[in-house]
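J.: Given chain A, put chains B and C in place with the hints provided.
Residue numbers (numbering that gives the first Met the number 0), protein chains in the order written: chain A, 0 to 335; chain B, 0 to 335; chain C, 0 to 335.
Some hints could be false.
Which copy is meant is left open, so a pair is good if it fits within one copy or across any two.
Taking lysine-lysine and the DSBU-like style, the derived pairs with C-alpha atoms no more than 30 Å apart in a straight line are [what the hints assert, rightly or not]:
| # | residue 1 | residue 2 |
| --- | --- | --- |
| 1 | LYS72 | LYS293 |
| 2 | LYS72 | LYS242 |
| 3 | LYS22 | LYS59 |
| 4 | LYS331 | LYS72 |
| 5 | LYS325 | LYS310 |
| 6 | LYS311 | LYS331 |
| 7 | LYS160 | LYS188 |
| 8 | LYS331 | LYS163 |
| 9 | LYS51 | LYS311 |
In case anyone wonders, no lab produced these hints; they're calculated from the structure.
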Amino acid sequence: MKLSEIAEILGCRLIGDGSVEIKGIGEIESAQPGEITFLTNPRYRKFLKKTKASAVIIDKPAEELTLPQIICKEPYVAFAKLLSILYPEKLPPPSISERAVIEEGASVGDRCYIGANVYIGKGTKIGNGAVVFPGVFIGNECEIGDNSVIFPNVTIYDRSKIGKFVRIHAGAVIGSDGFGYAFSKEEMKIYKVPQVGRVVIEDFVEIGANTTIDRGTIGETVIGEGSKIDNLVQVGHNVKIGKYCFIVSQVGISGSTRIGNYVTLAGKVGVAGHIEITDNVTVAAKSGITKSIKEPGTYAGFPARPYKEWKKIQALIDRLPELYQKVREILKKHGR
Amino acid sequence: MKLSEIAEILGCRLIGDGSVEIKGIGEIESAQPGEITFLTNPRYRKFLKKTKASAVIIDKPAEELTLPQIICKEPYVAFAKLLSILYPEKLPPPSISERAVIEEGASVGDRCYIGANVYIGKGTKIGNGAVVFPGVFIGNECEIGDNSVIFPNVTIYDRSKIGKFVRIHAGAVIGSDGFGYAFSKEEMKIYKVPQVGRVVIEDFVEIGANTTIDRGTIGETVIGEGSKIDNLVQVGHNVKIGKYCFIVSQVGISGSTRIGNYVTLAGKVGVAGHIEITDNVTVAAKSGITKSIKEPGTYAGFPARPYKEWKKIQALIDRLPELYQKVREILKKHGR
Amino acid sequence: MKLSEIAEILGCRLIGDGSVEIKGIGEIESAQPGEITFLTNPRYRKFLKKTKASAVIIDKPAEELTLPQIICKEPYVAFAKLLSILYPEKLPPPSISERAVIEEGASVGDRCYIGANVYIGKGTKIGNGAVVFPGVFIGNECEIGDNSVIFPNVTIYDRSKIGKFVRIHAGAVIGSDGFGYAFSKEEMKIYKVPQVGRVVIEDFVEIGANTTIDRGTIGETVIGEGSKIDNLVQVGHNVKIGKYCFIVSQVGISGSTRIGNYVTLAGKVGVAGHIEITDNVTVAAKSGITKSIKEPGTYAGFPARPYKEWKKIQALIDRLPELYQKVREILKKHGR
Numbered sequence: 000m001k002l003s004e005i006a007e008i009l010g011c012r013l014i015g016d017g018s019v020e021i022k023g024i025g026e027i028e029s030a031q032p033g034e035i036t037f038l039t040n041p042r043y044r045k046f047l048k049k050t051k052a053s054a055v056i057i058d059k060p061a062e063e064l065t066l067p068q069i070i071c072k073e074p075y076v077a078f079a080k081l082l083s084i085l086y087p088e089k090l091p092p093p094s095i096s097e098r099a100v101i102e103e104g105a106s107v108g109d110r111c112y113i114g115a116n117v118y119i120g121k122g123t124k125i126g127n128g129a130v131v132f133p134g135v136f137i138g139n140e141c142e143i144g145d146n147s148v149i150f151p152n153v154t155i156y157d158r159s160k161i162g163k164f165v166r167i168h169a170g171a172v173i174g175s176d177g178f179g180y181a182f183s184k185e186e187m188k189i190y191k192v193p194q195v196g197r198v199v200i201e202d203f204v205e206i207g208a209n210t211t212i213d214r215g216t217i218g219e220t221v222i223g224e225g226s227k228i229d230n231l232v233q234v235g236h237n238v239k240i241g242k243y244c245f246i247v248s249q250v251g252i253s254g255s256t257r258i259g260n261y262v263t264l265a266g267k268v269g270v271a272g273h274i275e276i277t278d279n280v281t282v283a284a285k286s287g288i289t290k291s292i293k294e295p296g297t298y299a300g301f302p303a304r305p306y307k308e309w310k311k312i313q314a315l316i317d318r319l320p321e322l323y324q325k326v327r328e329i330l331k332k333h334g335r
Numbered sequence: 000m001k002l003s004e005i006a007e008i009l010g011c012r013l014i015g016d017g018s019v020e021i022k023g024i025g026e027i028e029s030a031q032p033g034e035i036t037f038l039t040n041p042r043y044r045k046f047l048k049k050t051k052a053s054a055v056i057i058d059k060p061a062e063e064l065t066l067p068q069i070i071c072k073e074p075y076v077a078f079a080k081l082l083s084i085l086y087p088e089k090l091p092p093p094s095i096s097e098r099a100v101i102e103e104g105a106s107v108g109d110r111c112y113i114g115a116n117v118y119i120g121k122g123t124k125i126g127n128g129a130v131v132f133p134g135v136f137i138g139n140e141c142e143i144g145d146n147s148v149i150f151p152n153v154t155i156y157d158r159s160k161i162g163k164f165v166r167i168h169a170g171a172v173i174g175s176d177g178f179g180y181a182f183s184k185e186e187m188k189i190y191k192v193p194q195v196g197r198v199v200i201e202d203f204v205e206i207g208a209n210t211t212i213d214r215g216t217i218g219e220t221v222i223g224e225g226s227k228i229d230n231l232v233q234v235g236h237n238v239k240i241g242k243y244c245f246i247v248s249q250v251g252i253s254g255s256t257r258i259g260n261y262v263t264l265a266g267k268v269g270v271a272g273h274i275e276i277t278d279n280v281t282v283a284a285k286s287g288i289t290k291s292i293k294e295p296g297t298y299a300g301f302p303a304r305p306y307k308e309w310k311k312i313q314a315l316i317d318r319l320p321e322l323y324q325k326v327r328e329i330l331k332k333h334g335r
Numbered sequence: 000m001k002l003s004e005i006a007e008i009l010g011c012r013l014i015g016d017g018s019v020e021i022k023g024i025g026e027i028e029s030a031q032p033g034e035i036t037f038l039t040n041p042r043y044r045k046f047l048k049k050t051k052a053s054a055v056i057i058d059k060p061a062e063e064l065t066l067p068q069i070i071c072k073e074p075y076v077a078f079a080k081l082l083s084i085l086y087p088e089k090l091p092p093p094s095i096s097e098r099a100v101i102e103e104g105a106s107v108g109d110r111c112y113i114g115a116n117v118y119i120g121k122g123t124k125i126g127n128g129a130v131v132f133p134g135v136f137i138g139n140e141c142e143i144g145d146n147s148v149i150f151p152n153v154t155i156y157d158r159s160k161i162g163k164f165v166r167i168h169a170g171a172v173i174g175s176d177g178f179g180y181a182f183s184k185e186e187m188k189i190y191k192v193p194q195v196g197r198v199v200i201e202d203f204v205e206i207g208a209n210t211t212i213d214r215g216t217i218g219e220t221v222i223g224e225g226s227k228i229d230n231l232v233q234v235g236h237n238v239k240i241g242k243y244c245f246i247v248s249q250v251g252i253s254g255s256t257r258i259g260n261y262v263t264l265a266g267k268v269g270v271a272g273h274i275e276i277t278d279n280v281t282v283a284a285k286s287g288i289t290k291s292i293k294e295p296g297t298y299a300g301f302p303a304r305p306y307k308e309w310k311k312i313q314a315l316i317d318r319l320p321e322l323y324q325k326v327r328e329i330l331k332k333h334g335r
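Bound-form chain A, shown alone (with noise of 0.2 Å):
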């Protein structure tokens, strides 16, 4: 493709000749002659006049480079788009595998693939374009929507709600039992709280690998819209997370929390049970949050306050040897 051509897909301005051949994306770093590169994190902006690419994606003209620069407001952006251009996702072709065991009543959708070690439960739908890798289980009553991706050895459990355009990477766990136990003081004895809600999945969200969603106890766990969860993720049974969500890896959502949209865990962070977190939150990574969050905004620590308090008291437990210095100085004063 040439240079020109990329440019006028992205809508978006090029310095220098457009008539270079573009075969590929590389990094910064490492890219290769005839590789477009891009520049995002300005960390990397010290490999820019060393690169080897043929052209580079930027958000400003790089007055000092002689390679030809794609100028985009959002090259982050550019390069996504670029990239679901240049290399399309080989997913395989429509086909049901004879080593498929599609039980009774269930019904698999026009052009799906479903591959070899399947199991489909009874009544259980799929729906057109589905693929479905090899060695899922998908139990009872359960639905797949239109154009979803269940990669390898990901186990859906009964009765779940998977909507359009959702991936789910392999090795996730849907539906599995919440971590209910009743313990009677009266009888000294545990009693097992059955299960028996679901899991529901709305239309482009994405599941990381070996991340675990449990369905409700009784009611539903539900993931809204368009979010996004990373890998090694928990989702405890009746969570609610609303629409457009970011949930980084090895975050862990303990039962019945409701989170709102546009939320954005990071890294590892603890949600207790039975709080709410209202719309446009960020938390930082490793963060604990025992309370529920009400106005918007970014938080950090544990227990989770305001990033500008947490920042704050950081910095004086930093400075903690430097005040017991001064408070040991000030009792010398006094004489002691």
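T.: Okay, now just chains B and C, sitting in the frame of chain A:
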């Protein structure tokens, strides 16, 4: 089922019309007419007046209510019992799939369900009434006790011993190699320490989705009777967990640590290796246990300490800005 | 095996009766007559006098003992070597299951075990002597090196390259999509960043159960030669881990971070994205690394800092109640 029947089964007092027909159980905010609901967590008391449910299970009579009430000292226990009556678990009926591989010398008890694509290794014994879902791998010379349920895509390594009425959720791994390497400074070489022990899981244990339990290096990793382990928990080699423990999601327990009976480790707790935690210990979420805990009680923090101490220190950390302010004032008085 | 033979194989000095017959290895607390035990961790020294073992491997002669001793400078290394002699790993003998699916253009080397319900994609090459357990999915155009062992229910995405003598434990996921999305403020829309790179795992690497390693967005995610990764670890896209690293359970490493050689990250450590950690760094459990680490050494805390600094600040935090008390006294003296 009539409300009066439910009250009778639960052995609880009924206030109001016992002839009401109950078709299901609903959450207090979303229950529909014909459903019974329950109140256990005071946070939800605000929904009590507005609920559309036809009856409520509650610990003390709520005089403001007109809807019928079942008065149970332990409403959550009553809820658990009622759920198991109204929604008995639907496990697949006994059958052995032609697509299961059962190696020579393996035996399967009566009334078992062995799903498609299950692999059962040489010399392994599956007890009566066991349920083994599709995609499960069970290695050689294992034992699975009567009435245990192994959910899809679980892996059980060789020589594991699983008791009766055990439930192991999807994707869990039992008996993987412990993380053991011996570094020789003499030879500047890493030697893998062969992991030749096994895992023993006693009766009535439940293990969450994608949890991993390493086998002993030599000797055993043991999960004691009735203990419950949530999703994505790591249990290291040679760990011994006692009876009736609750290990919440994303906890990690390092090798050779011994945990007593009736211990609760809340979400994301980390436990160092080669230590001991006595009986009746509860540890708050996100804590890190670095030393043995010899006294029963509640602990928190990193390093973990008695809960009250931790609370105090947390409060003082919150007040650090104020403390700095005071010290600054004192210094000013001293003319600095 | 006679004790004298063991001493000879290990190249260690024997004290006591070399004619004792050794049938196995036992832990110091639970070893039985006929077994040899070992002492590496001083915590267990108290068991030395009481052990029923018939011999002990120890670093220095223990004069109080009557049982025979093998004196090795590095007893844990000796223990590892002895285990591998006495308990050689029993892998399944070569054979290719009729229930494995091997797509066209895939090749399987000599002396391989390919278990039931394995899926091997188009163009994938499996080296000589490789062991692929039941339920494993290997995508298209992958390479698995000679003598590598892939345990059950592992998923390996397309184009992954796995070296020789690699071990990947059950449920691990290699090559899942990185967590990459580009949010366009202009269009108020989330674009998925296609993940078109791959994972490269070099020779002698071991990867734990249910660990997830995302493939590069473009370019590669690399696990360097001889590095060992424990269970439930997350490795983000484009991460490069050097040679002979130890990454302990539940660690999370964010995208594009570079880790040097001989780095140890203890349990639950979190590492930010786009940073660098130099060679010979050790980071204590539960730490959070937010910035590049340029000097070898030991680090701890969140944010991570040199271990000694962290120790000091931890100690001062413990003494906060005392500090407040002192400041209160001073203020009293000042009449407030």
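J.: A separate judgement is required for each hint: does it hold in the structure or not?
T.: Consistency of the hints with the structure:
1. When the C-alpha separation of LYS72 and LYS293 is checked against a cutoff of 30 Å, the pair qualifies neither within a copy, at 33 Å, nor between copies, at 34 Å.
2. For the identical chains of this complex, LYS72 and LYS242 are intra-copy neighbours only, at 26 Å inside a copy versus 39 Å across copies, given an alpha-carbon limit of 30 Å.
3. For a Cα distance limit of 30 Å, the shortest separation of LYS22 from LYS59 inside one copy, 24 Å, qualifies, whereas the shortest one across copies, 65 Å, does not.
4. Proximity of LYS331 to LYS72 under the C-alpha cut-off of 30 Å is found in neither arrangement, the shortest distances being 60 Å within a copy and 51 Å between copies.
5. Taking the closest pair of Cα atoms, LYS325 and LYS310 come within 30 Å of each other both inside a single copy (22 Å) and across two copies (20 Å).
6. Within a single copy, LYS311 and LYS331 get their C-alpha atoms as close as 29 Å, and across copies as close as 22 Å, so both meet the 30 Å cut-off.
7. Proximity of LYS160 to LYS188 under the C-alpha cut-off of 30 Å is restricted to the inter-copy arrangement: shortest distance 25 Å between copies versus 34 Å within a copy.
8. In this homomeric assembly, LYS331 and LYS163 never come within 30 Å of each other (Cα to Cα): the closest approach is 72 Å inside a single copy and 66 Å across copies.
9. In this assembly of identical chains, the alpha carbons of LYS51 and LYS311 never lie at most 30 Å apart, being 43 Å within a copy and 47 Å across copies at closest.
Hint compliance for this structure: hints 1, 4, 8, 9 are not met, and every other hint is.
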